[in-house]
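These protein sequences, in sequence, are chains W and L.
In case it helps, my numbering puts the first sequence at residues 1 to 356.
In case it helps, my numbering puts the second sequence at residues 1001 to 1318.
These are calculated hints, taken from the structure and not from any lab test.
Virtual Cβ for every residue (Gly too), placed ideally from N, Cα, C.
There's no promise every hint is true.
[Said to hold, decoys possible] One-sided and incomplete, this derived list gives chain W residues near chain L with beta-carbon spacing under 7 Å: (1) R104; (2) K106; (3) Q208; (4) V274.
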Amino acid sequence: METAIEGKAFAPSSGEAPLLSIEDLQVSFYTYAGEVHAVRGVSYSVKKGSSLAVVGESGCGKTVTVQSVMRLIPTPPGRIKGGRIIFKGKDILALSEKEMQSVRGKEIGMIFQDPMTGLNPTMNVGSQIVEAIVKHQRVDKATAWEKAVKMLEMVEIPNPKVRALQYPHQYSGGMRQRAMIAMALACEPDLLIADEPTTSLDVTIQSQILDLLLGLQERLGMTIIIITHNLGVVARLANEIVVMYAGKVVEQGTSSQIFYRPLHPYTHALLRSVPRLDRKTRTALASIPGTPPDLFVPPKGCAFAPRCPRAMKVCLEADAFPMELEKEHQVSCWLYHESNPRAAMELEKGGVAIER
Amino acid sequence: MSAELALEVKNLKKYFRLDRRRTLKAVDNVSFTVGKGEVLGIVGESGCGKTTVGRTIARLYTPTSGSIIFDGKDITSAKESELLWFRRKLQMIFQDPYASLDPRMTVSEIIGEPLDVHRLATGKERAERINHLLSIVGLSPEHASRFPHEFSGGQRQRIGIARALAVDPEFIIADEPISSLDVSIQAQIVNLLTRLQEERGLSFIFIAHDLSMVRHISHRVGVMYVGKMVEIAGSEEIYKHPLNPYTKALMSANPIPDPDIEKGRTRLTLPGEVPSPINPLPGCRFAGRCPQAMERCKHEDPELKEVEPGHWVSCFLY
C-alpha cells in the first residue's frame, strides 16, 4: 500500500532557535554482510540550558546519532547519508575537518561510558587537561596547568594538586569519570554530550556523578545531552526525553509527558518493564516479546509493529510520521493519526504507564 | 515455602592470598540460610564479594574456612569425586551469556552435556528432553542445531537457563543473569526465572547489583559490603525499614524512574569510595564512609545479629 498520507514538516515547537537541531539524519555502516541502516531519519533538537535524555535499547542508533554530531563516525565503514545537523546556526556536516576541530572540545564536549577509553594511559591526568586547554585557548602552560587543577577541584577530586600528576590507572572508576568530565568542561563548551556516563559505575558512585552533573548544569547553565538506558537516571537528570527504537525517534516530549503521559506503545512497554523500589515485589513485569529488528533489512512499516500489542494493518505497511499531539510532545504512531476513528480515545487513555 | 533449609552457610570465609604480604578477603565471615523454595537476593557493589559467595557455595572455589551445609549434608571440604550428587542438585546461571557457552558446541550439545555427565538420558529420550527444555525457556526445537553466535544475548541466556535445568536441579545460583541484557529483555528473563522458580519450587540465590530487580525477584535480600553481610531481611522490609547506614545509602542512591518522586527525594550521598578488600583495616568496613560512625566502629567488627524477627543487621547502632 502506497499511502497518500503525508507527514507535516517537522518543526521544533518553541519560537527560540535551539542550540542544536538534528534534521532527518541518516547514517549507515557498510559491512561485508551488507548495509546496516543504523540511523534512519532522526530529528530532534535541544534548547539552550536544557538537559535532554536519549533513551533506547542497544543498537537503536542513539550513540551513532551523537557521534555524527561530533563527526566521529568512522568512515569507512560508516557514512552519513543524509540530513542536517545545525549547531549554533552552522551546519556541522558541511564543516571542514579543520573547522570541526575547533568545534570538538571547545564548543561541544563529550564524555564516554568507559572513562579508560577517553583517557590516555601514558600521560598524567593534569597534562591531558592542559592539552585540551592549550589546543583551544591562548594561554601559557603554567596558566593552563593552574586551570587544569581548578577543573579537577570543580569535579570534586580530592587533593587535586597531587592527583593532577597521577596517571589514569591510579584513579578509581568514579574518579576517572570525574577526570573525563573535567577535561570535557575545560574549554567551557556550550553543549556536553554524555554517552552512558554512569553505566560502568556502582550505584553509590553513579549517584555522586549525577549530583555533580546536576550541580554543574545549574552553576554553568550548561546544555546536556545524556544517552542512557537507565530510566531512573533519566528521571533524575532530564527535562526533555527522546525515545528511540531501531534507528528512529518514536516519541519525544518533556520529562513529565514521557513518564506520565507516554503515547507510543514502545514507551509504555519500556516504562512498565522496569521493577521499582516503591512497588510490590514478585509480580510479573510487563515484558516486550521478541527482539528489535535486524537493521540490515529495516522493516517497511513501523519497526516496533511485530512486537507491538496494539499493531494495526497499516503499521506493517507504512511507517508513521511524527505527530504533535500536545505542545512539545510528538509521537510517531498510527494510533494517533487523525484518520484513526479511535485516535481521540487513544490520546485520552495515554499515560497509563505509571499508575500513581 | 517450607521452613526446611535448603542451604546453611556458617562463618564462610574465602581469602585469596596475593603474595606474602597481601591477602584479599573476598568473603569474610558470612552466615545465612536459604529455605526450600525460597529466593534469596544478594546485592552489593563491585568487589563486595557477592560473586565469590555464590561460587564458593557452588564449590567452584574451596572455602578458606566456615561450613556449607547443603540439604543437611556438609559439603565444605568434600572431594570433587564426592560432589557429583551435589552438582546435579545445584546449578549456576552466569552473567555473561557470551562467555559461558562454548562457541564450538551446538545448542543441543550444550544442553545435552549435563545429561551425559549425570547419565540421565540417551538416544531418543535425550533428544526429547533437549527439545522439552528448549520449549520451557521459550526457544524452539529448530534452535537445537545452531551455535551460540547465532543467538542474541537474551536468547543465549535462555540457553544457559535450559542447560542449568537439564539435570532437574533443586537449587539455582544465578550470578547477575540479566546485567548484560537490554531493559525489555531483562523483564523477559526475570519473568521466566520467576515462573520456573514457582512451578518447580526451586531454591534460588539471585546475585545482582540492580537493587530494584533483586528486590523484585527475591523473598529475602542480603546486602554485602567489602566481604561482609551487613543486613538481611524480607525484601519489602529491607526497602521500607533499612537499618544499616550502608543499606540506607544504597537505597537512596538508586534512582527511581519517576521524575516527580526523584525531584522530591532527599538523598543521602556517600562520600568517598568502596575500600579495597585487600588487607582491610580492623573495625567495621563501612566506618570510613558512614555518616553515623562512632569511635567503636573503627576498632571492633560488628556481628550480624537479629534485631527484629527475621531482620538481621551488623551495626553497633542496634
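Hint-by-hint comparison with the structure:
1. R104: Hint violated; W:R104 Cβ to chain L Cβ min 30 Å, cut 7 Å.
2. K106: Violated: closest Cβ of chain L sits about 31 Å from W:K106, beyond 7 Å.
3. Q208: holds, 6 Å
4. V274: Hint on W:V274: holds, closest Cβ of chain L at ~6 Å, below 7 Å.
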